[in-house]
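Chemist: Take a look at the letters that make up each chain.
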Amino acid sequence: MRSATSPISAQQIAGYGVAAVAAILVLYPVFFLFQAALDVGDPQARPPTAYGFDNFNGILQYPRILLNTLTVSVAATVMALAFGFVMAWILTRTNVPGRHLFEQLMAVPYYLTPLLGALAWSLLGAPESGFINQVWRALGGSGHLIDINTAYGIAWVMALFEGSVAFVMIAAVMKSMDPALEEASQVIGAGRLRTMLRITLPLVVPGVLGAAIFVFAEMLGSFAAALVLGLPSRYYVITTAIYQLVQQYPPKIQVAAAMGVSLFAVMFFMLFLYRRIVMAGSYVTITGKAFRPRVTDVGPLRYVLLGVCLLYLLTAVGLPLATLLYASLQKIAVAFPTAGNWTLDNFRVAMTMNAVRSALTNSLLLGFGTATIGVVLMGLLAWLIYRSRLPASGLIEYVVMFPQAVPRLVFAFGLMWAWVVFPIPIYGTLWLLLIAYITVFLPLGVRTIAGVMLQIDKSLEECAQMCGAPWAFRVRTVTIPLLAPGLVAAWLLLFIASIRELGASILLMGPHSKVITPSIVESWFGTSSELTAALALIQTLVVALAMIVLVAVTRRVGAHPVD
Amino acid sequence: MHASPEVPALSSPPTPHIEVDRLELSYGGVAAVRGVSFNVLPGEQLTLLGPSGCGKTTTLRAIAGLEQPTAGEIRIDGNTVYSAERGINVRAEKRGLSMVFQSYAIWPHMTVFENVAYGLRVRRTGAAEIADKVHTALDMVQMRSFASRRAAQLSGGQQQRVALARAFVFSPSVLLFDEPLSNLDAKLRADMRIELRELQHRLGITSVYVTHDLEEALAMSDRIVVMRDGLIEQTGTPDEIYRLPNSAFVADFVGSANLIQGRHRPDLDTGASIALETVDGRIVHGMAYGRPVGAELVVSVRTVHLRISTEPPAAAQNVWHGSIRQTVFQGDFTQVHVAWGAQNLVVRCAAMEPLAPGRDVYISVEPRHVVLLGG
Chain A
1 MRSATSPISA
11 QQIAGYGVAA
21 VAAILVLYPV
31 FFLFQAALDV
41 GDPQARPPTA
51 YGFDNFNGIL
61 QYPRILLNTL
71 TVSVAATVMA
81 LAFGFVMAWI
91 LTRTNVPGRH
101 LFEQLMAVPY
111 YLTPLLGALA
121 WSLLGAPESG
131 FINQVWRALG
141 GSGHLIDINT
151 AYGIAWVMAL
161 FEGSVAFVMI
171 AAVMKSMDPA
181 LEEASQVIGA
191 GRLRTMLRIT
201 LPLVVPGVLG
211 AAIFVFAEML
221 GSFAAALVLG
231 LPSRYYVITT
241 AIYQLVQQYP
251 PKIQVAAAMG
261 VSLFAVMFFM
271 LFLYRRIVMA
281 GSYVTITGKA
291 FRPRVTDVGP
301 LRYVLLGVCL
311 LYLLTAVGLP
321 LATLLYASLQ
331 KIAVAFPTAG
341 NWTLDNFRVA
351 MTMNAVRSAL
361 TNSLLLGFGT
371 ATIGVVLMGL
381 LAWLIYRSRL
391 PASGLIEYVV
401 MFPQAVPRLV
411 FAFGLMWAWV
421 VFPIPIYGTL
431 WLLLIAYITV
441 FLPLGVRTIA
451 GVMLQIDKSL
461 EECAQMCGAP
471 WAFRVRTVTI
481 PLLAPGLVAA
491 WLLLFIASIR
501 ELGASILLMG
511 PHSKVITPSI
521 VESWFGTSSE
531 LTAALALIQT
541 LVVALAMIVL
551 VAVTRRVGAH
561 PVD
Chain B
564 MHASPEVPAL
574 SSPPTPHIEV
584 DRLELSYGGV
594 AAVRGVSFNV
604 LPGEQLTLLG
614 PSGCGKTTTL
624 RAIAGLEQPT
634 AGEIRIDGNT
644 VYSAERGINV
654 RAEKRGLSMV
664 FQSYAIWPHM
674 TVFENVAYGL
684 RVRRTGAAEI
694 ADKVHTALDM
704 VQMRSFASRR
714 AAQLSGGQQQ
724 RVALARAFVF
734 SPSVLLFDEP
744 LSNLDAKLRA
754 DMRIELRELQ
764 HRLGITSVYV
774 THDLEEALAM
784 SDRIVVMRDG
794 LIEQTGTPDE
804 IYRLPNSAFV
814 ADFVGSANLI
824 QGRHRPDLDT
834 GASIALETVD
844 GRIVHGMAYG
854 RPVGAELVVS
864 VRTVHLRIST
874 EPPAAAQNVW
884 HGSIRQTVFQ
894 GDFTQVHVAW
904 GAQNLVVRCA
914 AMEPLAPGRD
924 VYISVEPRHV
934 VLLGG
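Protein sequence lines, in the order shown, are assigned to chains A and B.
Everything in the first sequence is counted per the working numbering, starting at 1 for the first residue and increasing by one.
Everything in the second sequence is counted per the working numbering, starting at 564 for the first residue and increasing by one.
Next comes chain B alone, as it looks inside the complex (with noise of 0.2 Å):
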């Protein structure tokens, strides 16, 4: 079905699919893209996650071809397409690539069929194997009895699946995403989130996500890539992303976090754990898994992972008094907001008896999910 890139022999690491190296990107001197590299490997689904404006979307077009960097280059296959030093610039439709908008851009005045055989005519492709290929892909997103209809006639989800099927018909070697399911409702964005991952893995296609959506990357990605500001925050699989949070700003927008800052006390230091003392002198254990860890620290501590109980609980460490403030219903979760000296920890644990605000209660975690922030 698609061209699979050469898989290098004996143990080298994989040639990557996609490189980008220190790519910058500004319109008219506002600065987008300051300075990005990143690669993906063969057949990866490589998601780019971050808040609207942190350059994710640019980034991707910018692989595209749709928008011209103002430094760095981009090497797709080994072969450069962008180079600002080289003077290279190949445009989007020699790259070899395919995309899925936002805004799915169904061609209103072509039926399904002809939107999904669009790519096969450039490449002039016969037409009993324009037939073949597009009635495969149809099948493949459940739209062949829809092939004759037109693209107003079309619920957005559907016009999702033709998008889709009209972006891999023609074997491209990497396919981009740029938030092709946010203009879904909730329900069918859960769904096609499923169906996209199952394609992608059919396929084996190298793809790039962009996502402002932190389930649909953890739930989409080989890899993620937390972009903010125009710069690369964090990268890494989505486990180590959601669980490894390297600073404030991926702690906070990977799931809600409790940042704790103190003073290092290496002399409560066990093992693998380290302790800082806050300003209110509280002890809190935690795990450096491996980063540097200075005299002024910060942890972060998953909202999930802290215990509320009213009797004191059994463990030996990370034991606290606290007080409730405020307490608010929320379906699936309740979300407690516990006043813990001068600060406030919010924690959310599974429906449970209402507790009075003011009431006093022990508040508690495992050491291993306090997790030190890096520099």
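Just chain A, with the same shape it has in the complex (with noise of 0.2 Å):
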């Protein structure tokens, strides 16, 4: 009777350790960050020797990055969710044929990074060496037609991969609305168009202003795109501005934090305000039902609406792989090759070459350490908070999704900083990595846990305790079972977020260890463009063959019924 009334349990002191890291592993950087940004006092000396608030003044003697920052996020925002609300309608609401083939593929453009993307158009869009540019000049035109290294440019390959996220965000509303709401408006005799504009639009709304909200934070922050297209033309926005005093001599580490800071409370804003408008907005989703949509007979225009969700796709997946594809196998990459100029030297290049080897094998040992690790932490933290009664679970949710509203790249600043000065020596080490990337990527492990965890009903767990099950054994023989099938596909996801990690990456890691997303960027601004093409279609390789396993994985547990 004693140790079952004793008031601490094995169970708390499990819930209490996790929480514990995680608020570690989240607030020591972030602490760190601040300090940086508040550090007025001789840049050298550390801990700070004054604090003030002038560093956030030096931001505005860079009143051009901040413009760019804003045109390059507004533009892409706009178009993604053009793209994304377009192919959501086409996919939820017509009978374009092949509907649901097409929904599945939508999520393949967000698997294949912006990186990828800015690689490949900026072979096929750099304004003298681009593909497109120079068949532009064969057939007769002068300069160029298009320009990748521009605002518009980066913005345009930001938009067609975060397209996809507006689409899954616009999607889910269209689906969660209720066919009956607009059969009410018809069979009361308002008419087609009166019922769109009066019942669809306005509940649809809430739903896109949130996307928008949404994506837009997300190109605040996004770095890659940024980096490989606007590097060339001198273009900075914030993140790659960000960067670049870390990276330069002497380095201007105050402002950079400030920087960063400044970021990071212009997305935690955004981030809260999307919260805010899911929740109080959204009439929609309220119910959590899924119904049958109500889908439209275009008639004949679905095909040209099929065309539409061709033209996406083609863009946003198959030019860029095509492109760097085509790019991989020429000795010198250019729109119009000889005979001689086709050679598989690139790929063998790339396979033996031991920087490219070690980076690999690095990247390829931190998927499995961040996957591993990260399944068990974050399993934990997401039955924390969602399923135990810990009385500080919503501090704790607070904590873990931190990350979200911080800029990787912001992150792994302050984790630099942090650790420089940290008594064991891991800095430069794959374990700083390691430690990144497991903070950074909680928000994304817990959600998707605790998305298979909250449909697991509660009772399965109370009835194992009612049958006298204590804690260990229940999560043994219940929670864990039950659970597999999404502990499976978050290890997926952790892996595959891993081995395409730069934002962390770039800033941590060491000359001893190099992973392969920062090398393929170090690849093209130091070596070729084409074996950089050969080194993103090896990791394309890696990451797809990680999302068979993840879609199998998720068909079956399509297939096994838990509510």
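It is worth saying that the hints were derived from the structure and are not from the lab.
Be a bit skeptical, because a hint or two may be false.
[Unchecked claim] Here are a few chain B residues that face chain A, going by a calculated C-beta distance under 8 Å:
1. A627
2. E656
3. M662
4. W670
No experiment lies behind these values; they were computed from the predicted model shown.
Idealized CB from N, CA, C, for every residue including glycine.
Relying on the hints, combine the two individually framed chains into one complex.
Modeler: Here it is in structure tokens:
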């Protein structure tokens, strides 16, 4: 009886332990980020000798950067929303052929990463060497047809990829709308147009607005496309500026930190706004029921819409992949290669170069490590937040979701600054990258596992408890087996995310702890675009393999009724 | 089959198996249970009955240990499992209870056999004994032939039976039922009600049953606790609850009733019966059943106890004029709304000739069916 009534149980110890680890992971670097931003003393001295807000005034010396950031983000958000909305409408509300296949394919751009897109579109649209411009000149045009190294070029590439995020969000709203709401309007005698304007649109607006804010916040923090496409023309946005300020000599750590904090503040506010809108405004999603949305017969127009779908997927997926493959098979990538220009050398070099091999090995190692440790940690956190009755679970959720509001580059900056002064010398090793990955992917992992966890009826666990099973036994025999598909999915997502990670890795990797994605960027600026294309394709292949397993697993989840 | 609690010798009243004492429970400041006390005797089937949100499920879950109360005490077999004052809160898995959930909570990743065997495995029972007990339990719920099926392949009624077998197979001292029949269709519900009652008798196990369904409560319980807004409204046997509701709420919730208000007329009281006069001067004779009689009275008359006739009935008391407002055919009975002075009376009678609205009729009731409501 004593042990049963004692106030501290194994469950609580595990709970508070895990919560403490998460809090340290997240808050420790954030603390150092803020410290650096408020440090106005001697840049060489640590800890800081004086505090103040002067660094934030320093940001104003870079008005161009703020303007650039705004231009790119707004343009990209508008385009991404347009893509997302059109695709969502076509795929959920019309009888376009192959809707269900297209719906699944819409996730692919997201997995291709903006970096890949930026590399491919750079090959296609660079003003001088871009394939499209080469063709243009061959056809008799002069100068260049398109220039991808501009604000709109950057926005275009980002929008192509973020479009699939916008699609998922808007399609979810359209799907969760009860068709009876529209039918009711028509039964009363309102025409199609009137129903659309007075019923459909107001119901969808909060969801679209939410998507807009979410996408805009993501755009503000995005890094890869702006780096690859902006650097050649010295077009900086805030993330690339932070990177530049940290990397240059002498580094301007304090101003960079102030920029990071400002960016974080804006994104935090955006995501706060997003949550408010999603919670308050969307009467549509409240029921949580999945309805079969009403599908409009659009007649022969559906083949036009099919063309639109194909065009989007081709621009976002087919064309970039084909371009990279094409470039990687040439000695010097040109639009009109001669017979002798073809080669497999790029792949051979990529696979034999020591630097590449070690980067790839490191990335795989980190992928396994992050995914394995992450699933355990994030599984416990998800359980703690959504299932346990710990009084602090709301607070823990906030801490865990915190990295969502911080661009990975900024987070890595805080981590770098934090661990440089840490007594255990892990700076410049893979360990620091492991810590960084686990921290920045906390929201991803916890949300994935929580998604499955929340689907599992609570009484399944309670029933095990009523059968007399202690906590550890329950977790082993009921919770984990029921969660298994979710845990596998989370593992794969974490693995994929780690392999593709750029923003945090580029700041944190040391000369002996190189990883693949930053190496691709280095190769792009340092060696040849053909070799880079081969590297990018190899990385994509690894991700694609993991994706295939993921799809197979999630298929099985669908067949496994957990209610 | 089950560890029967100590039966006290001599004629002292049996020790309660479960004691719930001044139990309070609130969620973030909102009180769900506001001071509830009752006992469950060994082998008794007690039902917590009430509309949704009355705190009945919360009370059950507090007994189970799945919710932590904010005040009060719970004792099982004389052992305190929860006490706010003494800081005791025994974890659910240590309380030796078992529970059938509203959603059945059949684990989808296990077979029927594995589901039922779970509680035995927790108790480290030997494999042969597990097989033996599980098969006996499955026999009792007529699910033996389904032992190797997965939960996803079972119908609602079958899942219900498996959940039941799983709950009693390890001989818990108490079975808790959280609206176990509410997800079944009406026909199956009626069958399961009888089966559950039989099984409960065979096992002789103490049980606490939560439902919002009156018929279920009346059919299955030894005793009923009617709850409302986190408080107990009335406790009694099904017969007492039905026949002698002590408040307007219970009278109305436990089958439909007409409530009649009036002034006490002590001058017209005769022996056991009391008399009251309504605002429009009608005299109603009823019974107090030992309840205190004040100056202003409220009596309850079940709709089925009122009689309608077109000829004057022979009775000397409780015969009034009324006029038909509406008749509603409802299958087994016809519901008649009668204008009775300023009030409307509802009468349920076995299927009868339709009476045209506006027709004058006689209404009568035996005084013993006119029940005085308590304070």
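Chemist: Taking the hints in turn, state whether each one holds.
Modeler: Going down the list of hints, with the structure as the test:
1. A627: The hint holds - A627 of chain B has a Cβ within 8 Å of chain A, the shortest such distance being about 6 Å.
2. E656: holds, 5 Å
3. M662: Constraint on M662 of chain B satisfied, holds at 4 Å.
4. W670: holds, 6 Å
This entry satisfies every hint, going by the numbered hints stated previously.
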